[in-house]
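S.K.: All chains, full assembly: derive it from the sequences and hints.
First to last, the protein sequences are chains V and A. Numbers 682 to 956, taken from the numbering used here, label the letters of the first sequence in order. Numbers -5 to 387, taken from the numbering used here, label the letters of the second sequence in order.
In case anyone wonders, no lab produced these hints; they're calculated from the structure. Some clues are possibly wrong.
Chain A is faced by these chain V residues, among others (derived, beta-carbon under 8 Å) [as the list claims (entries may be wrong)]:
hint	residue
1	A756
2	M759
3	Y788
4	L815
5	I816
For lysine to any residue, the following SDA-like pairs were computed, each having C-alpha atoms within a straight-line distance of at most 20 Å [stated by the list, open to error]:
hint	chain 1	residue 1	chain 2	residue 2
6	V	K892	V	E808
7	A	K185	A	A200
8	A	K280	A	K138
9	A	K224	A	P145
10	A	K187	V	T811
11	A	K187	V	K945
12	A	K280	A	M95
13	A	K185	A	I174
14	A	K185	V	D725
15	A	K185	V	D818
16	A	K185	V	T837
17	A	K280	V	E808
18	V	K922	V	V720
19	V	K863	V	P878
20	V	K922	V	T790
21	A	K187	V	V720
22	A	K185	V	P956
23	A	K280	V	V841
24	A	K187	V	A824
25	A	K185	A	K280
26	A	K185	V	H830
27	A	K187	V	D819
28	A	K185	V	A824
29	A	K185	V	K922
30	A	K185	V	N838
31	A	K138	A	L121
32	V	K863	V	L809
33	A	K185	V	P906
34	A	K280	A	P145
35	A	K185	V	K892
36	A	K187	V	D818
37	V	K892	V	P906
Covered stretches of chain A (chain V as the covering partner; in silico rule of three or more C-beta atoms under 8 Å from a C-beta of chain V) [as the list claims (entries may be wrong)]:
hint	segment
38	239 to 252
39	263 to 270
Beta carbons: idealized from backbone N, C-alpha and C, even for Gly.
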Amino acid sequence: MSPARPPEGAHSGVQQHEGTPMTSALIEIRGAGKTFGGVRAVDDVNLQLYPGEVVAVLGHNGAGKSTLMKMLAGAHPMDTGELLVDGKPARITSPSESQALGIETIYQTLALADNLDAVANLFLGRELVTRFGLIDDDSMEQAARQTFHRLNPNFTNIRVPVRALSGGQRQVVAISRALYFKARVLIMDEPCAALGPEETRMVHELVRRLKADGVGIFLITHDMPDVFGLSDRLSVMKNGKVVGTYRTADLTEDEVLAMIIGGKPVTRVEQRPAP
Amino acid sequence: MNSKLQISALDLRLTLMAVVLATMAIVFHLVTGNFLSPENLYNIAQQTAVNGIVVTAITLIIVARQIDLSVGSVLGCVGVLVAFLMYSKGWHWVPASLAGMGLALAIALYQGWLTAVVGVPSFVVTLGGMMSFRGAAFLVADGKTQPVTDPVFLALGGGIDGSIGPLFSWVLGVALTALIVWSGMARRARKVKHGFPLRPLAFDIALMVGTSALVLAFVATMNAYRLGDKPDAQGVPIPVLIWAVVVMVVSFIVRRTRFGRYVFAIGGNPEAALLVGIPVRRVTIKLFLLLGALTTLASVVAVARLNAGTNSLGTNMELYVIAAAVIGGVALSGGSGTILGSVLGALMIQFLESGMLLMDVSIGYRMVIIGQVLIVAVVFDVVYRRFSGERLT
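M.R.: Here it is in structure tokens:
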């Protein structure tokens, strides 16, 4: 199977004028809801993501941000609400459907099979096969070497089980999936939580590079330097609902923290559902 | 732990097992004087085949964090059905065996569905299956032994006419040797072409020469055994041939198919497998189907060996095959195990059985000892994994 490639021209005409979106959103979530045994984990959430922007999604543990992202990733199908991808209605009921739409997810747990090597993990679930349908290990190793090299030239022990790798190398493997399969939408769940300063810098660089390529990124994080260093807009969630969506530059760190804790929208500046 | 050990971890483990196996053989031979005789080795190979066929699939089941306690009962049930259709219904052995295969696959589908879709732990599903299908084995022929006489069918079980003779044995042995050398060289050539790091040439050559020598030595041993007053030597027994083919096919599945890779991925991290889009349910059901198919094969060989289908066929077999898989290095926590290990594990149990039998050790002591060997294997496994950094606690 060849990697899902974005259709031609998917990234063209992002923004004609500053602040006025001329194209449809990459992702538009309308009135999304999800209930787990009577608990409304996600409740009437509206959110948009445009090409080339980073939207930070913030909130306490249990605020619903991970559930919302898992809806997009196909791990938890939506109960209610609508999803538009490139302005067209889409349904995501499995991780494969999400991947087919160009959505890649980097989980906080990294979703790696510890007993397999880095090459196998990069292609896990989407192995390259020969024309007889057999696993094409050589092609995968070759492609993997190139992809890993782009992220970390020193990462060469790619044929040992990933349990033997360092935290940063494991992160490289997980990120490589997004890179190799040419994500158009990238969901990053706490990407820097377990990383040292060197690896954090790598992740930041990567986010900027993908952004410049027109990839839309949802960044789930607790880390304020990540939010203010990387995101264009931010959305704060509490108890499954969106408190407010703002341009990151319009807010101060204290205001963001106050929204996370208090759940009251900031009124000093206007909300920005779209950039 | 350093990465060199990690790379060679499985190889090191298999090497250790091979050394233990060789040591056992030598010790038994010194004590009994005839353990390494062609006759005894011929019998060991033939006796291990039935369990060995099932162990390959059980290994994968355990790798995927499942278990199957019902294999012995299913083997019995299928065996009685095949024999019943031939003896009481007058069927030819081919449709009878296919009917047995149908039954085994239906059972596999049922148990696989309960495990993968409904979500009942396979331990419980197959514990129930172990009792039910043992009962079903009784019901098929009302508890009556079903003798089989078709000479072609009986040859599948080995015995006097159940081997392929010296000429074919040599042909096969040489062909397998050629395959080993060719695939080893092709592998190196591919790595050179892509510029991947190579293993030391001496290591690859040693591996090729070693395995080839083993194959040829095995063929020579089988060809040195003459049964009764037959003019020709026996050669490789057909059950062993079937087992060898199963081992090669299953190894191929593990290495070269998505299914094989997914089995290991699911065993390594079931949540991750789901998140990356692996069809975990489908793979689990397929895995049970594979086990069902191989159980049928083993069942046919077992019935042919006994010349009859009885409702006690395969009793306690689940314990032996799981023990063999564990001794062969499969981790009950999932995600790790090899098909070659399963072969060595099955052989080790048979070596112990045979060696102690030759030493006139009574059945009671044999069971005590084999049980404790299983414990030793698991203790070794825990210590080994801690040492190699695979387990942190």
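S.K.: Each of the hints needs a verdict: does it hold here or not?
M.R.: Comparing the hints with the structure gives:
1. A756: A756/V check passes; min Cβ-Cβ to chain A is 6 Å, inside 8 Å.
2. M759: 17 Å, violated
3. Y788: Since the shortest Cβ distance to chain A is 6 Å, the answer is holds.
4. L815: For L815/V, the interface hint holds, since the closest Cβ of chain A sits about 4 Å away, which is under 8 Å.
5. I816: 5 Å, holds
6. K892/V x E808/V: The hint is violated at about 27 Å.
7. K185/A x A200/A: The hint holds at about 18 Å.
8. K280/A x K138/A: The given pair, whose Cα atoms are some 33 Å apart, is violated under the 20 Å limit.
9. K224/A x P145/A: Satisfied, since the Cα-Cα distance of roughly 17 Å is no more than 20 Å.
10. K187/A x T811/V: 17 Å, holds
11. K187/A x K945/V: 62 Å, violated
12. K280/A x M95/A: With Cα atoms ~15 Å apart, K280/A and M95/A stay inside 20 Å; holds.
13. K185/A x I174/A: Cα-Cα ~17 Å, so holds.
14. K185/A x D725/V: 54 Å, violated
15. K185/A x D818/V: 11 Å, holds
16. K185/A x T837/V: 15 Å, holds
17. K280/A x E808/V: 18 Å, holds
18. K922/V x V720/V: 13 Å, holds
19. K863/V x P878/V: 26 Å, violated
20. K922/V x T790/V: Distance ~24 Å between K922/V and T790/V Cα, so the pair is violated.
21. K187/A x V720/V: Violated, at roughly 57 Å.
22. K185/A x P956/V: Violated, at roughly 50 Å.
23. K280/A x V841/V: Violated. K280/A to V841/V sits at ~28 Å, over the 20 Å cutoff.
24. K187/A x A824/V: Roughly 14 Å between the alpha carbons, so the hint for K187/A and A824/V holds.
25. K185/A x K280/A: 32 Å, violated
26. K185/A x H830/V: The given pair, whose Cα atoms are some 19 Å apart, holds under the 20 Å limit.
27. K187/A x D819/V: Holds, at about 10 Å.
28. K185/A x A824/V: 14 Å, holds
29. K185/A x K922/V: Not OK: K185/A and K922/V at ~54 Å, beyond 20 Å, violated.
30. K185/A x N838/V: 16 Å, holds
31. K138/A x L121/A: 25 Å, violated
32. K863/V x L809/V: Judged against 20 Å, a Cα distance of about 15 Å means the pair holds.
33. K185/A x P906/V: The hint is violated at about 45 Å.
34. K280/A x P145/A: 33 Å, violated
35. K185/A x K892/V: Violated, because 36 Å separates the two Cα atoms, which is more than 20 Å.
36. K187/A x D818/V: Satisfied, since the Cα-Cα distance of roughly 13 Å is no more than 20 Å.
37. K892/V x P906/V: 18 Å, holds
38. 239 to 252: As far as the segment 239 to 252 of chain A goes, the hint holds, because 4 residues have Cβ atoms under 8 Å from chain V.
39. 263 to 270: Coverage by chain V holds for the segment 263 to 270 of chain A (7 residues, Cβ < 8 Å).
Consistency with the previously given hints fails for numbers 2, 6, 8, 11, 14, 19, 20, 21, 22, 23, 25, 29, 31, 33, 34, 35, ordered from lowest to highest.
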